[in-house]
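As they're listed, the protein sequences go chains A and B.
Numbering-wise, numbering that gives the first Met the number 0 puts 176 at position 177 of the first sequence, and it's gapless, one number per residue.
Numbering-wise, numbering that gives the first Met the number 0 puts 86 at position 87 of the second sequence, and it's gapless, one number per residue.
These are calculated hints, taken from the structure and not from any lab test.
C-beta: ideal position from N, C-alpha, C; glycine also.
Some hints here could point you the wrong way.
[What the hints assert, rightly or not] Using C-beta positions, here's what the derived DEER-type ranges look like:
1. A:Lys235 x B:Pro105: 33 to 43 Å
2. A:Lys174 x B:Gly131: 16 to 26 Å
3. A:Gln87 x B:Glu63: 33 to 43 Å
[Stated by the list, open to error] Residues on chain B that point at chain A, a partial pick, calculated with CB under 8 Å:
4. Arg95
5. Leu214
6. Ser219
7. Tyr232
8. Leu233
9. Glu236
10. Ile237
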Amino acid sequence: MRIVLKQALASVGVALALALTACGGAPQAVNSGSASPSATSGGSVTVFAAASLTATFTELGHDFEAAHPGSKVNFSFGGSSDLVSQLQNGAPADVFASADQANMTKATNAGLAAGTPQVFATNVLEIAVPPSNPAGVRTFQDLTRSGVRLVVCAQQVPCGSAAQKAAKAAGLTLKPVSEEQSVTDVLGKVISGDADAGLVYVTDVKGARGKVSGVTFPESSSAVNSYPIVALKASKNAALAQAFVDFVRGAQGQKVLGDAGFGAP
Amino acid sequence: MPASARPEPRGYSGLPRWLYIPAGLGVLFVLVPLVGMLTRVDWLHFVPLVTSDSSLAALRLSLETALASTAACLVLGVPMALVLARGPARGRRWLRALVLLPLVLPPVVGGLALLYTFGRLGLVGRLLDVAGVQLAFTTTAVVMAQTFVSLPFLVVSLEGALRTAGGRYEAVAATLGAGPTHVFWRVTLPLVVPGLASGLVLSFARSLGEFGATLTFAGSLGGVTRTLPLEVYLQREIDPDAAVALALVLVVVAAVVVGVAYGRRLAGAVAA
Numbered sequence: 000m001r002i003v004l005k006q007a008l009a010s011v012g013v014a015l016a017l018a019l020t021a022c023g024g025a026p027q028a029v030n031s032g033s034a035s036p037s038a039t040s041g042g043s044v045t046v047f048a049a050a051s052l053t054a055t056f057t058e059l060g061h062d063f064e065a066a067h068p069g070s071k072v073n074f075s076f077g078g079s080s081d082l083v084s085q086l087q088n089g090a091p092a093d094v095f096a097s098a099d100q101a102n103m104t105k106a107t108n109a110g111l112a113a114g115t116p117q118v119f120a121t122n123v124l125e126i127a128v129p130p131s132n133p134a135g136v137r138t139f140q141d142l143t144r145s146g147v148r149l150v151v152c153a154q155q156v157p158c159g160s161a162a163q164k165a166a167k168a169a170g171l172t173l174k175p176v177s178e179e180q181s182v183t184d185v186l187g188k189v190i191s192g193d194a195d196a197g198l199v200y201v202t203d204v205k206g207a208r209g210k211v212s213g214v215t216f217p218e219s220s221s222a223v224n225s226y227p228i229v230a231l232k233a234s235k236n237a238a239l240a241q242a243f244v245d246f247v248r249g250a251q252g253q254k255v256l257g258d259a260g261f262g263a264p
Numbered sequence: 000m001p002a003s004a005r006p007e008p009r010g011y012s013g014l015p016r017w018l019y020i021p022a023g024l025g026v027l028f029v030l031v032p033l034v035g036m037l038t039r040v041d042w043l044h045f046v047p048l049v050t051s052d053s054s055l056a057a058l059r060l061s062l063e064t065a066l067a068s069t070a071a072c073l074v075l076g077v078p079m080a081l082v083l084a085r086g087p088a089r090g091r092r093w094l095r096a097l098v099l100l101p102l103v104l105p106p107v108v109g110g111l112a113l114l115y116t117f118g119r120l121g122l123v124g125r126l127l128d129v130a131g132v133q134l135a136f137t138t139t140a141v142v143m144a145q146t147f148v149s150l151p152f153l154v155v156s157l158e159g160a161l162r163t164a165g166g167r168y169e170a171v172a173a174t175l176g177a178g179p180t181h182v183f184w185r186v187t188l189p190l191v192v193p194g195l196a197s198g199l200v201l202s203f204a205r206s207l208g209e210f211g212a213t214l215t216f217a218g219s220l221g222g223v224t225r226t227l228p229l230e231v232y233l234q235r236e237i238d239p240d241a242a243v244a245l246a247l248v249l250v251v252v253a254a255v256v257v258g259v260a261y262g263r264r265l266a267g268a269v270a271a
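Construct all of the structure, not just a fragment, from the sequences and the given hints.
So this is what it looks like as structure tokens:
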């Protein structure tokens, strides 16, 4: 009996080790930045922000540091739901900026927020196609044509639920060849040319700098994504955290976001 | 660390006693996270969670594709291991390093490599596209991704077994007039069956857990390319309970596969 148990434990151990190796690639895919766990001595602030904010917030971080001499902004960029679960598990952060309301609600329900979250930007969907537009996609309806290899986000992630909402409003049923984990995965499949079209955000098309072309469609207005931001209760530097939130919502922050294609709140 | 860091012969095991401390820590390091996951399983809803349509589709797809890629590993890997173990010595080291590359590459890098090779605009994919064959977003792409990452497991296991077995029996068979193909089927293969079996099991388990290359190369669509690990990763976005339940299923399947294979191998060793 003991031997059987030992053998069972041993095989479970082997299996787990294999599972761990196999999944090793996963977390890197979402966590493109790293948080500094160092104490917020002097004037440092750690911002957990949605992956789609990587370019704009990195720029705003530099601007903020210039405007507040002696301060330091650290970022951790990732999928909003990943960030929330990290915060729930005690990750040290001062500010949280989510790509959708649902994940911000998770954070407020968990009692993490120091105040009421404020929307600081909006984003709408756009059709991304390879520059040569091989399938000749011109409208939202074109996506449902047979032979058009469409890639969207899975409904479980914000860009996927937005795509679903837009399709429903337009009375269309999308038949994608793949439902990706994140909007960057969708963009990647369009850039590589394997997809004829992908549903991404306006800001993603702009950020791809010519590697994809964008096709705007009026139905996108029925699925506007709001980005809320809030200072966190766990912050050791509440004043600076709130200053960063105000900075993002202020004139300079709004200009950087607007230049990247984000809509005003 | 205790001062008795010198080997103490005890019975005929001759194992230094202090070794049990790091060994025990190692076992705990592997086991405790598993227990940690078990404490998060929502047992009340476990059955409905793992028998939902999407879960069953993912499990079914995972088992099918892992079997297919194990078969592909068998067909491609056995000849590769033989060439590495018995082929001409020149360039063998380089060849082995190349073959083992997927073992140390991050799977997502393997997926990118496959995408830029077999994708529609890729090196090979371009030609296939002209011929009307499209691999990206198909179940075939899943099998290719899994084969890519698990092939080295089979090759390494089998090459080791072939080296241990040596070439004496083959030489004898050849002097008795058996041709190379006859020797291969009747002498070489039967000698390395245990090594081959463990290589196949490792390949299967690795295929079952494959995530990064699949996501990058094959995409993710329920019933077509969304295998169990991809389903776990996706469910985690909205329903952590479902993700944990599915993760447990994956652990159990892997444990059963490895347990059965190693149990049989042990029994075989005793019988031999």
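Inset, instruction - Please name the hints from earlier in the document that this structure breaks, with their numbers sorted from lowest to highest. - result: 4
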